[in-house]
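Engineer: Next come the chains, spelled out residue by residue.
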Amino acid sequence: MSEAANRLKKQLHYEKTFDCVQCGYCLPACPTYETMGKETHSPRGRINLVKMVAEGKSSVENMREPIEKCLGCRACQTVCPTNVQYGEILEGAKSVLEDHEKKTKKQQVTEDFIFNGLFPSRKWMNAIGNATWFYQKTGLQAIARKSGMTAMAPLHLDKFEAVLPKVASPFERRNSPRLVKAKRNPKMRVGFVSGCVMDSMFHQTNKNTIELLSRAGAEVVIPKAQTCCGALHAHTGKLEEARQLAKQNIEVFEKENVNYIVNNAGGCGAMLFEYDHLLKDEPDWNRRAEQFSKKSRDVTVVLTELDGLEFRHSMNERVTYQSSCHMTHVQKVTSEPLALLEGIPGITYREMAGYDRCCGSAGIYNIVNYEDSMEILDVKMEKTRRTKADTIVTTNPGCLLQMKLGIQRAGLEKEVRAVHLVDFLMEADPQPKEPRK
Amino acid sequence: MKVMTSAHEQELQAIFGENRVLLEESDRLSYSFDASFGTYMPDAVVQPRSTEEVAKVMKLANREGIPVYPRGQSTSLSGGPLPVNGGIVLDCSQWNDKLEIRPEDMIAVVSPGILTARIDEEAEKWGLMYPPDPSSSHVSTIGGNLAENSGGPRGLKYGVTKDYCIGLEIVTPEGHVMRTGGRTIKNVTGYDLTKLIIGSEGTLCVITEATLKLVPRPKAYRTAMIIFDDLVTSGQAITKVLTSGILPSKLELMDQACILAVEEYKPLGLPVTAEAIVLIELDGHPKAIEEEIEKVAFICREAGAHSVNVAGSSEEAAKLWQARKLVSPAIVRKKPTKVSEDATVPRSKIPEMFQRLKEIRDRFHVDLVVFGHAGDGNLHPNIICDKRDLEEMDRVEQAVEEIFKAAIELGGTLSGEHGIGTMKAPFMEMEVGPIGIDMMKRMKNAWDPNQIMNPGKIFPEPGKKLVLRDE
Ligand SMILES: Cc1cc2nc3c(=O)[nH]c(=O)nc-3n(C[C@H](O)[C@H](O)[C@H](O)COP(=O)(O)OP(=O)(O)OC[C@H]3O[C@@H](n4cnc5c(N)ncnc54)[C@H](O)[C@@H]3O)c2cc1C
Ligand code: SF4
Ligand code: SF4
Numbered sequence: 001m002s003e004a005a006n007r008l009k010k011q012l013h014y015e016k017t018f019d020c021v022q023c024g025y026c027l028p029a030c031p032t033y034e035t036m037g038k039e040t041h042s043p044r045g046r047i048n049l050v051k052m053v054a055e056g057k058s059s060v061e062n063m064r065e066p067i068e069k070c071l072g073c074r075a076c077q078t079v080c081p082t083n084v085q086y087g088e089i090l091e092g093a094k095s096v097l098e099d100h101e102k103k104t105k106k107q108q109v110t111e112d113f114i115f116n117g118l119f120p121s122r123k124w125m126n127a128i129g130n131a132t133w134f135y136q137k138t139g140l141q142a143i144a145r146k147s148g149m150t151a152m153a154p155l156h157l158d159k160f161e162a163v164l165p166k167v168a169s170p171f172e173r174r175n176s177p178r179l180v181k182a183k184r185n186p187k188m189r190v191g192f193v194s195g196c197v198m199d200s201m202f203h204q205t206n207k208n209t210i211e212l213l214s215r216a217g218a219e220v221v222i223p224k225a226q227t228c229c230g231a232l233h234a235h236t237g238k239l240e241e242a243r244q245l246a247k248q249n250i251e252v253f254e255k256e257n258v259n260y261i262v263n264n265a266g267g268c269g270a271m272l273f274e275y276d277h278l279l280k281d282e283p284d285w286n287r288r289a290e291q292f293s294k295k296s297r298d299v300t301v302v303l304t305e306l307d308g309l310e311f312r313h314s315m316n317e318r319v320t321y322q323s324s325c326h327m328t329h330v331q332k333v334t335s336e337p338l339a340l341l342e343g344i345p346g347i348t349y350r351e352m353a354g355y356d357r358c359c360g361s362a363g364i365y366n367i368v369n370y371e372d373s374m375e376i377l378d379v380k381m382e383k384t385r386r387t388k389a390d391t392i393v394t395t396n397p398g399c400l401l402q403m404k405l406g407i408q409r410a411g412l413e414k415e416v417r418a419v420h421l422v423d424f425l426m427e428a429d430p431q432p433k434e435p436r437k
Numbered sequence: 438m439k440v441m442t443s444a445h446e447q448e449l450q451a452i453f454g455e456n457r458v459l460l461e462e463s464d465r466l467s468y469s470f471d472a473s474f475g476t477y478m479p480d481a482v483v484q485p486r487s488t489e490e491v492a493k494v495m496k497l498a499n500r501e502g503i504p505v506y507p508r509g510q511s512t513s514l515s516g517g518p519l520p521v522n523g524g525i526v527l528d529c530s531q532w533n534d535k536l537e538i539r540p541e542d543m544i545a546v547v548s549p550g551i552l553t554a555r556i557d558e559e560a561e562k563w564g565l566m567y568p569p570d571p572s573s574s575h576v577s578t579i580g581g582n583l584a585e586n587s588g589g590p591r592g593l594k595y596g597v598t599k600d601y602c603i604g605l606e607i608v609t610p611e612g613h614v615m616r617t618g619g620r621t622i623k624n625v626t627g628y629d630l631t632k633l634i635i636g637s638e639g640t641l642c643v644i645t646e647a648t649l650k651l652v653p654r655p656k657a658y659r660t661a662m663i664i665f666d667d668l669v670t671s672g673q674a675i676t677k678v679l680t681s682g683i684l685p686s687k688l689e690l691m692d693q694a695c696i697l698a699v700e701e702y703k704p705l706g707l708p709v710t711a712e713a714i715v716l717i718e719l720d721g722h723p724k725a726i727e728e729e730i731e732k733v734a735f736i737c738r739e740a741g742a743h744s745v746n747v748a749g750s751s752e753e754a755a756k757l758w759q760a761r762k763l764v765s766p767a768i769v770r771k772k773p774t775k776v777s778e779d780a781t782v783p784r785s786k787i788p789e790m791f792q793r794l795k796e797i798r799d800r801f802h803v804d805l806v807v808f809g810h811a812g813d814g815n816l817h818p819n820i821i822c823d824k825r826d827l828e829e830m831d832r833v834e835q836a837v838e839e840i841f842k843a844a845i846e847l848g849g850t851l852s853g854e855h856g857i858g859t860m861k862a863p864f865m866e867m868e869v870g871p872i873g874i875d876m877m878k879r880m881k882n883a884w885d886p887n888q889i890m891n892p893g894k895i896f897p898e899p900g901k902k903l904v905l906r907d908e
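Which chain is which? The protein sequence lines are X and F, in order. For the record, in the first sequence the residue sitting at position 236 is 236 according to this note's numbering, with numbers rising by one throughout. For the record, in the second sequence the residue sitting at position 426 is 863 according to this note's numbering, with numbers rising by one throughout.
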């Protein structure tokens, strides 16, 4: 066998495709199989295509569309009876596609901007945050134009613009604290991952997260030198970039001597949770990455462990919950957000059918594959509507924006709102619990 | 080798519109396999949503001699939907618009692409039950279940798919639409074509609608887990339970290899020195089964069980069943390939079959584990292997052949659940004899004179052997 063929097999994680026994148990779990109605867009079909490419029985281009239209939600992995590592197979396939890429001009400009400009650089994120704040009414499109990104207009950014949250003033953001003391007997010291999207567009949610942690009894450090988690890079096959970002974060948080590394975005959390896997082939880093991953926690898990809050305000709302895929299927955090919700006085919880299915936001999937994403979203909104809930709670910024978009598409702006769990908890006036005597 | 021309493709597009005719290589590759072995490229995949569309495509295929392969969700373990000679895959999995429960007649009327588990879910809303429960019921379609005559654990008490289908709408290979059976439980008008079609593996016609019988849903369930130090005792105990006037709804067994695998995978505290664990479920009126479960426990203890654990609540029962559920993921951890056999023997021969399986395991040095529906003799010997290891696969193929022989010698059958398909075709004659094959072939020819309906399945082709490798 030729050298190149071997390399391709390795890069595609060919050996892992054998774990798939083609039983089809993942088909009902896959949102794209549901909306697109073709085996080609199912987990089993995708794995088969990867295998066929690795064996030289199919061209690389044959798997491009199916792989690019995969949400990466990993619901297939949770239901798989033989524990197929779909995430790895997907990542391998994406990196092969990336190497093989003859991108359209539009795609290149967008991706370049998003990956090399937007996400890794705090400065850029600040700029976006500032500009959005400065002229919220014109919104993202103006910046897009200014940075020569007219190509972004057909990406339906206008649709997203309308649902972007109010952005904190640049002054406020620059002056956000680097250390917040516990407002109760300190039980632990945690590092907070502010996240790039979170910190610019959801600054208030970040503030609330820190506040909740501190009221619940944690000292919170927010290291300045931290960077983007790398999730979006890894999920589009830009593994080298993702590794660089991971290393920077590992270094930064190692210095802080914390019990946990806390995040409030399911998607970022999953990436942090998998740094060990990302850096497994780098001997200087794998142990450090493992340490990092082991400490990484979703905020709901830490709040549950702290058990330090009591809620004073009764929220008379019918609430439903849309889980974050990467929180559910990668970090395997499922009960904590629900337990926290149920601890809020006054709410009526209405479970949504398939609340653990992807909403179609999936990183930048909803920007790059707008139509496919909207089909998935419409299915989701129908299920939401049946719960008759007036509040949809999520735990990830991407899901939150998507649900807001869904509310708008369904014409439900007057009746329904979407909110991050952390912000919802804040509304219920959480106070430090008196330590039991 | 393509059997279709672009004129054929255009004709298909005229019937289905462009969206439901898949011609891209990536799509065709995605319909080239099932849950068994081998990949075969179809020339086209079509996704019908109505009987008329199926009739049209069959007329076209019959006229032009293009093979057609009905397909559900391709979970077949015997090669049933594989497009072995090229041609058209008829993907019925997206045809799922009809699921009507008629409580007053206690029937359900369904489209072929409805997932089987959904029928029971709907029936439950009316206090009814659709009993057939293949473990793949949440993924497989009713069309596939009918074509394979699928069954599951509840088969012991309730029977299998064929016991619940009382009427069909079908399209013949020549493109005619017809109905068989009806909506009544009793129906003796002419030949029972319904039963002929069920289990025909898509070789006689396409099923386009089915009428299914429902039964009252049991009010309560009780579960017991019984542990045996040796396998033969477990077989004897099972016989005693089944002849005591009690008919369990499920009776499942896992052998020591399974117990070990589960304990390594997820420690549940199962006794690793035990040779067998038997799980028994009773359903019915709460008072009746309360008494019966005690009797089951008593019989098993008398028969020499190591211990008996009767679940006190449904949560406890679910915990006991978890052991059985974990078998599948647990056994494939060592090696990725699972050859799942379903040779079945008469109940009284279970202990003997166990003995034979042990011998086969030792003789061919294969990783053979047994977990299955011990109550109905459907033992599910599974061989865990790695299909990349050709030498091992050679031994596995021999071992499987021996399993088939053993089952038939003991008065059993090649397949209790999964069907013949391509995989077991070479062994058909061993079970039904040359006359049996000839009579079946004559029926096939009468239905499908041009041999276009799912060719290459059931009937042995000269020189074909069992192959468990992807060449
Ligand atoms: C993990 C696993 C567990 C399983 N457990 C069980 C079990 O417990 N019991 C059991 O019996 N089986 C079991 N099976 C086997 C399989 O699920 C069944 O045979 C099932 O009925 C196949 O349904 P399908 O929709 O996937 O059909 P497919 O696999 O797509 O097709 C099966 C056969 O049906 C034919 N067919 C499909 N639709 C039609 C139609 N509309 N008209 C005519 N012919 C049609 C096909 O041509 C083919 O021959 C299992 C399989 C797996 C992978
Ligand atoms: S559930 Fe797992 S083994 Fe089964 S087809 Fe899907 S990925 Fe493959
Ligand atoms: S990751 Fe999600 S979208 Fe992709 S194959 Fe798995 S279930 Fe489907």
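Some hints could be false.
Simulated DEER-style distance windows between Cβ atoms [said to hold, decoys possible]:
#1 F:LYS756 to X:PHE171: 50 to 60 Å
#2 F:ARG539 to X:GLY411: 33 to 43 Å
#3 F:ASN882 to X:ASP99: 48 to 58 Å
#4 X:PHE171 to F:LEU705: 55 to 65 Å
#5 X:ARG409 to F:GLN447: 29 to 39 Å
Everything labelled a hint here was simulated from the structure, so no lab data went into it. None of the values given here were measured: they were computed from a predicted structure. Glycine residues also receive a C-beta, built at the ideal position from the N, C-alpha and C atoms.
Engineer: That 55 to 65 Å hint for PHE171 (chain X) and LEU705 (chain F) (C-beta), does it hold up?
Structural biologist: holds (58 Å)
Engineer: Measuring from beta carbon to beta carbon, are ARG539 (chain F) and GLY411 (chain X) in 33 to 43 Å?
Structural biologist: holds (37 Å)
Engineer: For the range 29 to 39 Å, tell me whether the beta carbons of ARG409 (chain X) and GLN447 (chain F) fit it or not.
Structural biologist: Holds: the Cβ-Cβ distance is about 37 Å, inside 29 to 39 Å.
Engineer: Could one say that the CB atoms of LYS756 (chain F) and PHE171 (chain X) fall in the range 50 to 60 Å?
Structural biologist: About 57 Å separates the Cβ atoms of LYS756 (chain F) and PHE171 (chain X), which means 50 to 60 Å holds.
Engineer: Holds or violated: the 48 to 58 Å window for the beta-carbon distance between ASN882 (chain F) and ASP99 (chain X)?
Structural biologist: holds (54 Å)
Going through the hint list in order, the structure satisfies each hint without exception.
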